[in-house]
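Add chain B to chain A, keeping to what the hints say.
Those protein sequence lines, which keep their order, are chains A and B.
Each residue of the first sequence is one higher than the last, beginning at 1343 in the numbering used here.
Each residue of the second sequence is one higher than the last, beginning at 470 in the numbering used here.
Derived by calculation from the structure, the hints in this document are not laboratory data.
Hints are all accurate, no fakes.
Chain B regions said to be covered by chain A (calculated; three or more residues, Cβ under 8 angstroms):
1. 495 to 503
2. 507 to 514
3. 520 to 530
4. 700 to 710
5. 718 to 726
Note that the coordinates shown come from a computational prediction; the quantities given were computed from them, not determined experimentally.
Even glycine gets a Cβ: it sits at the ideal position worked out from N, Cα and C.
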Amino acid sequence: MKRHVLVLIFAVIVGFSGTQAAAYDYKVDDPYAATIVGTPDVLEWKVPEKIDYELLGLKVFPDRPTPDVFWYQREFLYTLSYQKQEAPLIFVIAGTGSSFYSSSMIFLQKAFWGAGFHVICLSSPTQMNFITMASATCVPGNIVEDSQDLYRVMNLAWQQVKNRIKVSEFYLTGYSLGGSQSAFVSKLDEEKRVFNFKKVCMINPAVSLYTSAKILDDMLLEIMPNGYSPEVFDRWFDERIAKFGEIYRMMKHPQLDHDFLYDAYRVLHKKGQTPRKENMAGMIGTVFRLASSTMIFTADVMANYGLIVPKNRVLGSADSLTDYFKVANRISFIDYFNDFLYPYSQSRNPGLTKEALIEGTSLRSIEPYLRNTPKIILMDNEDDLILTPEDLSFLKDVFGARAKIYPRGGHCGNMTFKDNVAHLINFFKN
Amino acid sequence: MKRALCLMLLTAFIFLAGCGTAPVRKEPEIPAKYPVSKYVKPDVTYAIDAYDPWEPMNRRIYIFNAIFDNFVFLPVVQAYEFVLPVLVQKGITNFFNNLTEVTNLTNSLLQFKFVKAVNTFGRVAINTTVGLGGLIDVATINDGITREDEDFGQTLGFYGLGPGPYLVLPILGPSDLRDTTGLVVDSVVYSMMVGELIDLTGLGSPEDDILNYSLTAIYAIDKRSNEPFRYYKTGSAFEYDLIRKLFLIKRQFQIEN
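Bound-form chain B, shown alone:
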């Protein structure tokens, strides 16, 4: 698994390097009727603008993600959806949702959002017991306690940290420097907890690579399966710009809530 990951990243970088070649121009350029130089004012903020100093790299990673999604990720997800009954898929989604409540809990507490923390705690308590270890989301169905949405990126935002440069992460997609940091922190907390749980329940050793990687793989597939976004389906030639803007707006909304 580790080797596969290395191989994948290597392929990515070869691809990205390949993208960098300058296009060959054959005939001399003739200025456009509506030239950028005349119609785009550098001192004006446009609605579509975003702080994106790493844009050339980001655009390449975006392309890599689209290709990876198309040829690796989605085919795996489709196979997963084909093989497993919908009910089982739902159970897996609920199971991981229950595990990742730890992110909601810690970050609700860090932002003193006690109602959210209590809701999350209640959800975990109900879903882990009545919901058979998290397989059924009883809390939502029976009690109408819906899942919160907090993470460390939002916590950092809550304390006034701006998003920093926009960043497209390989495979994971749109992010920014603050939220990438948040993601790393949340992942560490999550893995520590899962390690403890594996140890506690006696399902295996926390150092068991196969178990850990399988969990991660299923988690990733489940997440992708529940994400309707498809690359280049917006039908816009400016999808990169639109997604960037919408991502940043969405994060802003999440922080404010």
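Extracted from the complex, chain A is given alone in its bound form:
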């Protein structure tokens, strides 16, 4: 009762109407925990348990040979879930290093399909299958080029499915890095006019890829204050494993995948043991590093650049990659940017400065477009970990009333929360 009175007083003071003042029910107020834990099942938007989807493949560069070490990459893969009747088609772009198999992507696929849309889910241009099969340069990180790659596969995918589905109009969304890419893809579409996107929603985008990557890189330094050290990491990792061991019994179906760490953590959180901030930062940093190490290794092999693997070395399908993994794990995204992406871009584009490349991979480079394009909206959180305060002010300023900023949620932690999904679907529906 007391709380109701408080809410009422608050509503009067702020001048909101009763419904608007209704509390935001996503309760995880620590942005690190929110990022890791996500949304409790009971508070998630209800999606169909199982849906029909097709796994489809594209030969984007049919003449490009695949190195033996990536023998299992044969085609660029994506998924399609479609309605029998005419409906809008939504393209969804995954976050850094993620594929359409990631739990967030499967969630969005189900939510959109359940709401009556056709859905095509695309892996991130930083993901291995995308780099090997669909990236023109095979060196991801230049968001303008990555968006051109995305546009190419969207176009090819559309050609592949257009005779089978009835599409009224095209929409676009993506989260995290995929959110930033949505903006660039939308801008590209203004010239190419293949889709004429009617609505675009950016979910928790990075404003500057460089800044956000640096924030995530630095999370590992919370557990290794003197710089990356395999010994310190190993000790920290062993401690975490011991901790997980205690809670393993409580996990019903532990899966051996990238989400394993998060799943284990979720159980700890449910037990009410509040984890220390540096350990949570370390976990987020570890997951990001796992994704970036694969990206770096894949780009290195594909471009034969000689960053980790000696230039001109041919790796066989069964060769041990453990040592390369160890090296890739100590290379930060910023190292990759400085020692690979930048010199590589410069070699193809003489005169390109590092500052220009950093600026070009930021939403600030397309600010006028974002400011003047009402079809693009933004969903974000006050405490999004990958944004600096300046980034957040930039987004609020540019998007104004088109921005929905939630008080909590960390980075994408509230993405599956019922209110968030309702807002997202409502935007595309009306």
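Chain B alone, transformed into the frame defined by chain A:
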């Protein structure tokens, strides 16, 4: 069935032999900017390290498994899932879960985990009778007695035996020397019990190959159907290393419980 198995193994070995050819190098190698020699210290333990002396063989079997899974195992599983109603699939899963409780029972007893043994015994009693021969998992649904997870590999671990070398088994996937030994022992106990049951219930003769092989085949398909793992879907270029580590951690957790 036996012949098919031989053929499959033969194909596997031909494939594995084929993998062994050294790649042809065209241009001279230039050292990497972050060379392994400088950044990997041989005397340091890395979080990803594991005792894997048979790595070259294991990596090849891993590849074989991925191909077998993709072209044989999963298509069969998909056909199975397509043909049978979900309820029937669930019944089959429960049926085999009930039969394989023998592994949980024997190994709980061998580790003096009497609560687990009593739970398992209770489950078998309830599910075999009220649960119509194990088709319905009444014990979980009505009584909240969930299935235990013990095997002879864990028993050996309980008595202090380390995992030994990591081992990727054809078709079955990640294992280690200790757990492979455990698997063999559990399988022998299981087959003996199933043989007795077949004899006892008069469903056929324990020497009936067709019956035995069908049971094994359905068991394998059911198991694969309930296992969401798919090869090369982690999206990591270092999947072999990650799976190896996660497998060993998982076994460690299981032994500790």
